[in-house]
Amino acid sequence: MTAGGCTLPAFAPDGADDPADPAGGAAPGTASTPGAAAHWTPCAGVPEKLVGKGAAGMTYDCASVAVPRDWAKPDSGATYDVAMIRIRSKTQKNRIGSLLINPGGPGGSGIDTAVYLSFGPTFGGLPTEVTDRFDLIGFDPRGVGRSSPIKCISDSDQDASFAADPDPVGQAEFDRVAALNKRIADGCGRKYGDQLPLFSTEQAARDIDALRAAVGDSKLSYLGFSYGTLLGATYAQLFPTNVRALVLDGAVDPTENYVQGSESQAKGFERAFRNFTGWCTKHPAKCPISADPRGAVTDAMAKAENSPVPYTDGRKATAGWIFVGLISSLYTEDGWTSLARAIDELQTGDAKGIMDLADQYAERKPDGSYSNLFDANLAVNCADTDDAPTAARVRQLQSQWRKKYPIFGAPLAMGMLPCTYWPGKRDPYPAGKAAGAPPIVVVGTTGDPATPYENTADLATMLGTGHVLTWEGEGHTAYPSTPCVVKAVDGYLIGLTVPPEGLRCPAK
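Numbering-wise, the sequence shown is residues 1 to 508 according to the UniProt record's numbering.
Just so you know, these hints were derived from the structure itself, not from any lab. Here the structure is a predicted model, which is why all the values come from computation and not from measurement. We put the beta carbon where it would ideally sit given N, CA and C, even for glycine. One or more hints might be untrue.
[As the list claims (entries may be wrong)] Think about it this way: if two alpha-carbon atoms lie no more than 27 Å apart in a straight line, the pair counts; the simulated DSS-like pairs of lysine-lysine are:
#1 Lys73 <-> Lys219
#2 Lys151 <-> Lys425
#3 Lys182 <-> Lys425
#4 Lys49 <-> Lys90
#5 Lys267 <-> Lys282
#6 Lys182 <-> Lys316
#7 Lys286 <-> Lys508
#8 Lys425 <-> Lys365
#9 Lys267 <-> Lys303
#10 Lys282 <-> Lys508
#11 Lys403 <-> Lys303
[Said to hold, decoys possible] Derived DEER-like restraints, expressed as beta-carbon distance ranges:
#12 Pro406 <-> Lys365: 31 to 37 Å
#13 Gly295 <-> Lys219: 52 to 58 Å
#14 Glu173 <-> Gln92: 53 to 59 Å
#15 Thr41 <-> Asp387: 39 to 45 Å
Starting from the given sequences, assemble the full structure and let the hints guide the process.
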């Protein structure tokens, strides 16, 4: 579920996106013809629906921009609508331009993320130095959230997928999981057919240049987290002379093939879990499973194979759901306390903690419905992938990686199966120099589980103009986590001052 750059958005909404209500409470404006300027209309309903109110001193306006479905055939007449939100401070002065924001996924809502970031540093948002100089532009990429959303996985299949054994050892068990993945892939193929390749990263990167023009900027300023780094890197290769400033935080390495990328994530999550267990043993007051944290987690998953703890909504806390909750908890250091408590409660027959963690990751709502995060995630990842392994190869890697990465290896191998069965043509993204682009800042976190720190230098080197900024912290992505990271990134975004070479920011 996390292979190929599929990661939790840096600022994940809790079921906010609903393709049945694509405006999400917004007044998105009328989609224009391709190439036209954005037509903004007030949409205070977006922050009101997400968090109950808008941030003090901010205005919210929405627009929807039409883009060609296939940039290789821009005059075909077929279009997708890409939804945006513009958030502007009432105290804005010396405006630089717009800052386009993507939270990752693929499948995360940039609209929701921009809303959360608009609440300022007190609430984990962007510094006022940035919001006073830029309009924040959150956008949902094509196929995501409010932007012609792709929706092809039933809620029951989503439940079955997350609940499935993350490491089916027996062949019959493996075949059942493989059959579920094939059924999902076939269903998406029947619904979208020839459109499936059009949800690729390269198509979305070309959309970004249309958004840049639609908001009236001659050069792009961009903040991309996680998969958003791949989207930004692709843009830099396609439109290097249109770049003003790119911050790529939580790097995906485009030079890795699909199997290599999946193994990198297995390694990253295993390392993050070791960091969690180390913290747990040192802080028994915060960690009720401190006597043997690894044993407690693995024992909980093993017991769930035969006797999963029932949950109040009728589901059972299977090994699959426990694994999803485990993944969810490792995205932030704050999640470690929640994980320890959830595993401890699971031992006493209470599944609420682990299911809450899992549902947050899956964007599963209390009524059992899902956002389209994972529909879009599959569509983008598989459109990008022309080297998905066969089921037989997945089976081999499952066994090999189980030995190398005891908890995460086999599930990450299994996570490649959806693209094994994905129908249609593929449209892989480029992986080369951004010749002619200005300096690009690539931010890496040493304890990042989903986009391992090693990717940071690899992406910077590939682009040729990349400069590494390191945060010696835990969790997925770094900005705006500490004063050191904030100072370095803000200096670059506002004044185009590249952080000192080799700068490493302390954890606190």
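Now for the hints, and whether the structure bears them out:
Using a Cα cut-off of 27 Å, the hinted pair Lys73 and Lys219 holds, with the two alpha carbons roughly 24 Å apart. Between Lys151 and Lys425, the direct Cα distance comes to roughly 19 Å. Compliance with the 27 Å bound is thereby established for this hinted pair. A distance of roughly 16 Å separates the Cα atoms of Lys182 and Lys425; the hinted pair therefore holds under the 27 Å criterion. For a cut-off of 27 Å, the pair hint linking Lys49 to Lys90 stands: about 21 Å separates their Cα positions.
A hinted pair counts as satisfied when its Cα atoms are at most 27 Å apart, and Lys267 with Lys282 qualifies at roughly 23 Å. A hinted pair counts as satisfied when its Cα atoms are at most 27 Å apart, and Lys182 with Lys316 qualifies at roughly 24 Å. Proposed proximity of Lys286 and Lys508 is supported: the alpha carbons are some 19 Å apart, at most 27 Å. The straight-line distance between the Cα atoms of Lys425 and Lys365 is roughly 33 Å, outside the 27 Å bound, and the hint therefore fails.
About 25 Å separates the Cα atoms of Lys267 and Lys303, which keeps this hinted pair within 27 Å; it holds. Proposed proximity of Lys282 and Lys508 is supported: the alpha carbons are some 18 Å apart, at most 27 Å. For the hint pairing Lys403 with Lys303, the CA-to-CA distance comes to about 20 Å; that is within 27 Å, so the pair holds. Between Pro406 and Lys365 the C-beta distance comes to about 33 Å, which sits within the given range of 31 to 37 Å.
With their beta carbons about 54 Å apart, Gly295 and Lys219 fall inside the hinted range of 52 to 58 Å. Taking 53 to 59 Å as the suggested C-beta distance range, the pair Glu173 and Gln92 conforms, at roughly 57 Å. Taking 39 to 45 Å as the suggested C-beta distance range, the pair Thr41 and Asp387 conforms, at roughly 43 Å.
Checked against the numbered hints given earlier, the structure breaks only hint 8 and satisfies all the rest.
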